[in-house]
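Going line by line, the protein sequences match chains A, B and C. If you're matching positions, the first sequence starts at 533 in the numbering used here and goes up one per residue. If you're matching positions, the second sequence starts at 2 in the numbering used here and goes up one per residue. If you're matching positions, the third sequence starts at -12 in the numbering used here and goes up one per residue.
Calculated from the structure, these hints are not laboratory results. Beta carbons: idealized from backbone N, C-alpha and C, even for Gly. Hints should not be assumed to be uniformly reliable.
[As the list claims (entries may be wrong)] Only part of the chain C face toward chain A is listed, based on derived beta-carbon distances under 10 Å:
(1) TYR11
(2) LEU93
(3) PHE152
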Amino acid sequence: MTFTERMLKIDRRIIFLVIGLCTLLPLLYPVGFPIRISPEVRGVYDHIELLPEGSVFLLSLDFDPASKPELQPQSIALLHHAFRKNLRVVAMTLWVSGTGLADQIVTQVAREMGKENGRDYVFLGWSPGGTAVIINMGQNLYGAFPTDYNGKPTRELPVLHGVNNLRDVNYAVSLGAGNPGVEAWYVFGKDKYKFELGGGCTGVMAPGLYPLLRSGQINGLIGGLRGAAEYEELIGQKGHAIAGMDAQSATHMAIIVLVIMCNLFYLSLRTAARQGQSGA
Amino acid sequence: MIFLRRQLPLLITLIAGLVFAAQYYVPHPASEQMLTSVTKWLQIISGFALVLGVSSLFHVHAAKIRRKEAGWGYSFILYVGMLGTIAVGLWSNGKEAVDGASTAFGWVYNYMMVPLQGTMFAILAFFIASAAYRSFRARSREAAVLLIAAVIVMMGRVPLGEHLIPISGDLSQWILNVLNASVRRAILIGVSLGTVALSIKIIFGIERSYLGGGKE
Amino acid sequence: MPIESIIGGWVATGLTLFIFSFLYKDNPLFKVAENLYVGVSVGYTIVKTFDTVIVHLIWKPIVETGEWSLLIPVAIGTLMLTRYVPKAAWISRYAFAFIVGVGSGLAIPRTISSFILKQIEDTVRPILLLVPGEGVTFTWSLLDPTSSLNTIIILIGVSAVLFYFFFSVEHSGPGKVVARTGILFLMIAFGAAFGYTVMARMSLLIGRLTDLIEFSDPSYGMPTLWLLGLTILTLVVMSRRSSGKQTKEEE
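Please put together the full structure from these sequences, using the hints given.
This is the structure we're talking about:
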């Protein structure tokens, strides 16, 4: 076997080791390259920045622990921003396995920002049905969630004063890892109930949401860990997303180098085969 | 009997489908109240559907344990995990935290479910790298275009890439906002047309596979 | 550091490393973690569903506020469960007919409005812009997605891709040119999708390794380092045993 053939058939565990090291080393020894802010992320940030104090901000954490590395930093950054602007935060989730995570994130950030449950924010929890929950909230929020996650009747909460349904929400952001997610919030929510909607999503979902962004159906899009890092940069609060960007850079470069190498070996093999054929 | 087994369900689908399609265009309070009530019902019924989905898992693994098939020990671990979590969850009244303090259910969630689910998907990073090395070859012009676009986007979406080649950031923005958006839009329109067509077929009884359950 | 957090750190690290051991090769440690993952996830879903649906959406509204109409969805849901009784399985059709009928009815107008009409509306935007004082202008900026040039590109892209997927008409002559343009656009979009998928997968790995680094702290008792050593040792021993068995079988 020639060197080229051996390289093309290399044990995949060597590639695993390369990726592992490219992820681990930058996490242990960060460099910190500057992060450019994209217009998509700025769209969400600018809208929240312009909301008057006391506006109702609905944050739907529609993800499970599998997407935690990408969407938890987004949630934390958005909540920091919303609490800093003294908005009334209504948090919830449409994904059953993400309920515990969503509760933790909201409680943790609220505690850091000195916010009171029931007065400054509420975590409604999870309800089954996905799109049915969105429609139900659009019709009557208290019908969809008669109690909050801690069992307190939602009608009696000061934070929900004057909020009867989704039409009374000033801005909603869905952080989605799949279905139900941003698209469901638009189709079954904003389309009829006309609230302003922004989106956050995993890297896998992001390219698919650009049509909605371009048509103005969502006014901003925070895509993946990079989007979270940009948002952290905008609010001036370094978190897990910015910390992970160096590792992200290293792994991307590793993949690019691997792809270029494999194509060089492949082309050289193909050229050698053609030369061999023409020689024969 | 045929009416009860086949035609009545199809009639229910037809009436429900037409009523709720028409409801979108009728803003009368009675129509809105009907939507509110029925979507509330759908939430409750979805809960039962989750039970349905889970019970098949029960049966498959219970059978494996009973028959002591190869790997039944792992099915036993699955059962222990499931029943243990249910027991702990019911003991904690379904709450992960009470007044900021984590319950036993919260412990299982934070230290078992989150790492397990997270890691299951994290190992995909290694496989995508290995797959990219082994099969991402420019065998044709189209494959070369795909490759170049992927490299530009991977370069342009990380700070190091933008630092080394600043134009990669602008180029990847253009690819995403214009080229990618146009393709995804076309796919979205096409898929939505298909969804609408399928929904109409279901409502009018042309498509019946969703019924299942029994003969005929 | 509370004792339950320390124990939790060890359990979380152990389970993480068991799953990562699959990268070396499939082994019993991975299978244990895999089956535990399914069991715990399903158990969690059952508890949450019971607490939310049975207690908060059915029991409390009926018993405390007298919403007896909720017995209708309870009846429909119960009908669904007859699917598992072979002789009575046909009764479940009523429940599925209702759910699917309502779902299809709700989806049709909303999908048409959101994903068809709105998307077409944004595609057929004006190419020339009327600017007060300047008259009609054609903007060339590629960086601005709303510029005239990009509007044309988007229009070409959407039309070409839609035409490519229309297989009822033969892609020959001018149709072939349009279809090939569609394929070109598709390849670029798939390349972008691949790039973003790589970004997403790497982010997930970064997240897990961040947690492992956190659990290597002495306050947890450094479970990452100890359990990493233990896992490697276990894999080496298993590997030696299986190669030993193979040599014996060959003999």
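Quick rundown of the hints versus the structure:
Proximity of TYR11/C to chain A holds as hinted, the smallest CB-CB distance being about 7 Å (cut-off 10 Å). Residue-level restraint check for LEU93/C holds (minimum Cβ-Cβ distance to chain A is 7 Å; threshold 10 Å). Violation of the interface hint for PHE152/C is found here, the shortest Cβ-Cβ separation to chain A being roughly 16 Å, above the 10 Å cut-off.
Of the hints listed earlier, the one the structure fails to meet is number 3.
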